[in-house]
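Peer 1: Now for the letters of each chain:
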Amino acid sequence: MKKVLLSAAAIAAIALSASAEQKIVIDGSTTVGPIAKAFAEYFMAAHPDVNITVSESGSGNGAKSIMNGVCDIADMSRPMKDSEFKAAADKGIQPVAHVVALDGLPVLVHPQNPIGELTIEQIRDIYTGKITNWKELGGPNLGIVVITRDTNSGTYETFEGMVMNKEKITEKAEYVGSNGAIRQRVQSTPAAIGYAGLGFVDKTVKALKVNGVYPSAGTVRTGEYPISRPLFMYTNGYPKLGSPVYQFVTLYLTEDGQEMVDQIGFIPVTSY
Amino acid sequence: MRIETRRLLNRAFSSLGLISIGLMALVLVVILTPIIAKGSGAFVFRSTVEHRKLMFDHWNRGNPERVKQDEAKAAVARAPVYQMLSDFKAELESMPRAERSRYKKPLRAVETALGRLLGPNPGSRTPVLMRQQYGATRWDRTQAKLDNLLYSEEWDYSNPDALGVKVLRPRVEDFRTTKLEPLFGYVKANIKPMMRPRWTFYWQFLFDTSKDSHIFGGIGPEVLGTIYLTLGAMLFAVPMGVIAAIYLCEYSREGRVISFLRICISTLAGVPSIVFGLFGLAFFLNTIHVSNSKSVLAGSLTLALLILPTVIRSSEEAILAVPRAYKEAALSLGAGRWYTIMTVILPAALPGILTGTVISMGRAAGETAPIIFTAAVSVGRPLLPIEALSQPTPALPWNIYNLCTEHEAVDEIRHVQYGMVFTLVALVLLLNVFAIVMRARISKKLRG
Amino acid sequence: MSEAIQMKRVSRFTGTEEEDFGSRSAHVKTENFSVFYGAFEAVKKVTCEFPEGLVTAMIGPSGCGKSTLLRAINRMNDLIPSCRPSGKMIFQGEDIYCKNIDAVSLRMRVGMVFQKPNVFPKSIYDNIAYGPRLQGIKSRSQLDDLVESSLKQAAIWDEVKDRLSTNALGMSGGQQQRLCLARALAVKPEILLMDEPTSALDPKATTKIEDLIGQLRGQYTIIIVTHNMQQAARVSDLTAFMYEGTLVEFGATRQIFTKPRERQTEDYITGRFG
Ligand SMILES: Nc1ncnc2c1ncn2[C@@H]1O[C@H](COP(=O)(O)OP(=O)(O)OP(=O)(O)O)[C@@H](O)[C@H]1O
Ligand SMILES: [Mg+2]
Chain U
1 MKKVLLSAAA IAAIALSASA EQKIVIDGST TVGPIAKAFA EYFMAAHPDV NITVSESGSG
61 NGAKSIMNGV CDIADMSRPM KDSEFKAAAD KGIQPVAHVV ALDGLPVLVH PQNPIGELTI
121 EQIRDIYTGK ITNWKELGGP NLGIVVITRD TNSGTYETFE GMVMNKEKIT EKAEYVGSNG
181 AIRQRVQSTP AAIGYAGLGF VDKTVKALKV NGVYPSAGTV RTGEYPISRP LFMYTNGYPK
241 LGSPVYQFVT LYLTEDGQEM VDQIGFIPVT SY
Chain G
1 MRIETRRLLN RAFSSLGLIS IGLMALVLVV ILTPIIAKGS GAFVFRSTVE HRKLMFDHWN
61 RGNPERVKQD EAKAAVARAP VYQMLSDFKA ELESMPRAER SRYKKPLRAV ETALGRLLGP
121 NPGSRTPVLM RQQYGATRWD RTQAKLDNLL YSEEWDYSNP DALGVKVLRP RVEDFRTTKL
181 EPLFGYVKAN IKPMMRPRWT FYWQFLFDTS KDSHIFGGIG PEVLGTIYLT LGAMLFAVPM
241 GVIAAIYLCE YSREGRVISF LRICISTLAG VPSIVFGLFG LAFFLNTIHV SNSKSVLAGS
301 LTLALLILPT VIRSSEEAIL AVPRAYKEAA LSLGAGRWYT IMTVILPAAL PGILTGTVIS
361 MGRAAGETAP IIFTAAVSVG RPLLPIEALS QPTPALPWNI YNLCTEHEAV DEIRHVQYGM
421 VFTLVALVLL LNVFAIVMRA RISKKLRG
Chain E
1 MSEAIQMKRV SRFTGTEEED FGSRSAHVKT ENFSVFYGAF EAVKKVTCEF PEGLVTAMIG
61 PSGCGKSTLL RAINRMNDLI PSCRPSGKMI FQGEDIYCKN IDAVSLRMRV GMVFQKPNVF
121 PKSIYDNIAY GPRLQGIKSR SQLDDLVESS LKQAAIWDEV KDRLSTNALG MSGGQQQRLC
181 LARALAVKPE ILLMDEPTSA LDPKATTKIE DLIGQLRGQY TIIIVTHNMQ QAARVSDLTA
241 FMYEGTLVEF GATRQIFTKP RERQTEDYIT GRFG
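Protein chains in written order, with this note's numbering: chain U, 1 to 272; chain G, 1 to 448; chain E, 1 to 274.
Hint data in this document are derived by calculation from the structure and do not stem from the laboratory. On a predicted model such as this, the values are computed, not experimentally measured, just so you know. Be aware that one or more of the hints could be misleading.
As the list claims (entries may be wrong) - These stretches of chain E come out as covered by chain G in the derived footprint (C-beta under 8 Å, 3 or more residues):
1. 59-69
2. 111-118
3. 130-141
4. 174-186
Ideal Cβ placement from N, Cα and C applies to all residues, glycine included.
Please construct the entire structure, taking both the sequences and the accompanying hints into account.
Peer 2: Next up, the structure:
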């Protein structure tokens, strides 16, 4: 019996030492997800001894995860709130922000929808429920299907902050859990309106001009497009120089990192 | 008269039974056909030369000579395209500025579409993102990308009171009388020699890691993660469940506490799985810190809680179904309770316990909600068993959900999504078949 | 009718012509022994003695408490949660319902054969070896010997010796019942309880079991419950007649069947009765 235990312990020890590989756990925003995933694969290809896992559960959950110490990097598509900072500090965590990219928040409609342009006020009126038919905006006689993100997401909070002007979103709005889901809802519903990160726009949906400006890398970078935001990665304290986490969160500063951000559809911060 | 009514009732009942069984079969066919048809597309498909290049570059698969030849032949067929492109660019240089700018946007669109179809231009710098390093790897995607090159999608909103109408405008019209005009016809006519489609059985899809978040490669980490999570859940749930069932059936005296316990177990079985997920997060991760991040361990524990009621229930039923006579016989020979349970009751109850166990195993394999917050991630390496204690993993159910709702390029990778669904369904089916066979064998042994 | 029946105290069996069974010492005896199922008294203050080495038959109409009394002797009733004994059940000088008596070791000494054959879904060999293994016998040769001798004792050896490793459930009902008997014998009990052991068997198998009982007489104290009057008359030395939980009459079999002292006994054995 003793022998069995001893050999089991030996095997466990060997296995443990063999797996002395480092891990970086990333959680948070679905908007930052594509960047984090691309960075992760790029990083793992260069560092085979590091396992990076990325999950996309929303900015709010990312914040909670880093507060609870269950992730190393929290992706967020909005800045941390004071209350979150406080809660983190209470647990001995000091969130440090790294702005990895800029993102516009295109307002999306179905490509069949003849509307091509709205003002911020019109969008707000749609989302508060004041405008309920596309006809009121010069479109076809169709009831507007309002799609919005879950309140846990940074995308929602950005939209609320930059468009809604403290007004409440209509109760008729449909809440969905990710950028991809918004796109899916909009591409399958001719009367829908939604909003998602710049990286999620493809030809199955139509991005509207807002206040006369079309959302693009150029207009977001110059600030002409009115709804935009930085995308963050938060770490607990500034990572130790040279550590894998440090290398990871500074990837966006490298040329390759910028190219990835750009090609995924976001705006690299270094090219303002 | 009476006999007739009875006959009528009989006939009515048997036809009702037939109808319901037929309906069930129909539903099964309706559900399974697309899963199998589309899912098998992840394994068996017409691959292009790009796919074989990818396989060779990243997994060292294929004969180097043959791959080189393949590529060379495709390059020969593609050469005129690049020639036309550079001829057109030279032509552009000689144009007056005003005219030149007219072509700027359409040319960029053509170049992008061409890149998606054929991969980066030969001789240009290799892009960082893998999705841009290769053209279309599958023939079905090739068709879609070819259409995208040949036509631009535009919308006709001339009637403001109605919805717009999609208009496919040939891109060639943008380039009439230029040196780029023949390109479209050439690509259309020569797409086969350019892409060299060939039927492929990509069984490694099951084992390969994904490249560039599932745009290329397979679902190895997901399959492995699902197996870890399921086995882990069984490891906790089965011993606990069977012991609990033994206690409930054989040791406890029927009383208020026990009936309360039973009600609790039944209630637990009806709790939505997301509640288990949140509980797992709050308890295993945030309270007792079984690991310092999401992990297979935390996920397994959560799944174990989820299936525990089922395991207890089915084990209890199996134990209660063991004839009392066996127990009496053992006791009358002077066996104690424990000995009776181990030598007579458990062996006789094994088929039932096994069935319940495997059914809950299927459930554990397919559950998404409990692992969202405790174990599952979108991207990650395949883990060693020991790493499963501390690290999270991709897993089929979660990644199916993730691909279809959150992936930025979901339309490109429908086949991966269906491949995952197919694999998961096949996995569960396999488990069930295994259970049925095991059960039959054990029952046969018991029956003599 | 029940109010007409009074509690009888049957002491020693006196007045038998050929043999004085009373001179034998009692192997098991009950004193004012009752068994309750909840509030229902299934066995009512029975006092009697089962002498060592003899065969005692228990007869009586269905539901009169024969099985209950029989199962009380090796405490099989413990399995039924609502079942509660009172009074004394004395086995070799000790009340088996005393706190310090271990039911498990009691059952090794008091074997039982049930109404329906209840072989385990295991091989014939494993069925017989179950009890001995339980007692810690591990050596293969010892087990082999025990299996063979038990099967021979139960007169089934010749039928199964070539298929000891096949599943016991594949045997006929009569064979299974004899296997159960062999299994009980393998434990080497002192008392053998049989609850209608032949009720599910054909006449031939029944004869075999009856012959067996005849052979085992003397070595074991046997208590057998039966509805078959001829069987009781054929195999037993003593007969107990029970009615609605009460022991009505207990005496030498010959006497009970020829000159019963009680009206109820006579009515029952002559079949004039309910
Ligand atoms: N588990 C039980 N719970 C409650 N009552 C019971 C139980 N078992 C038996 N009884 C009752 O106790 C009485 C005696 O039952 P018992 O089985 O001893 O009769 P029996 O004489 O063996 O009858 P039979 O000849 O039909 O086997 C019956 O009235 C029966 O209904
Ligand atoms: Mg009975």
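Peer 1: Next, verify each hint and record whether it holds.
Peer 2: Quick rundown of the hints versus the structure:
{"no.": "1", "hint": "59-69", "result": "violated (count 0)"}
{"no.": "2", "hint": "111-118", "result": "holds (count 5)"}
{"no.": "3", "hint": "130-141", "result": "holds (count 4)"}
{"no.": "4", "hint": "174-186", "result": "holds (count 3)"}
Hint 1 from the earlier list is the only one contradicted by this structure; the remaining hints agree with it.
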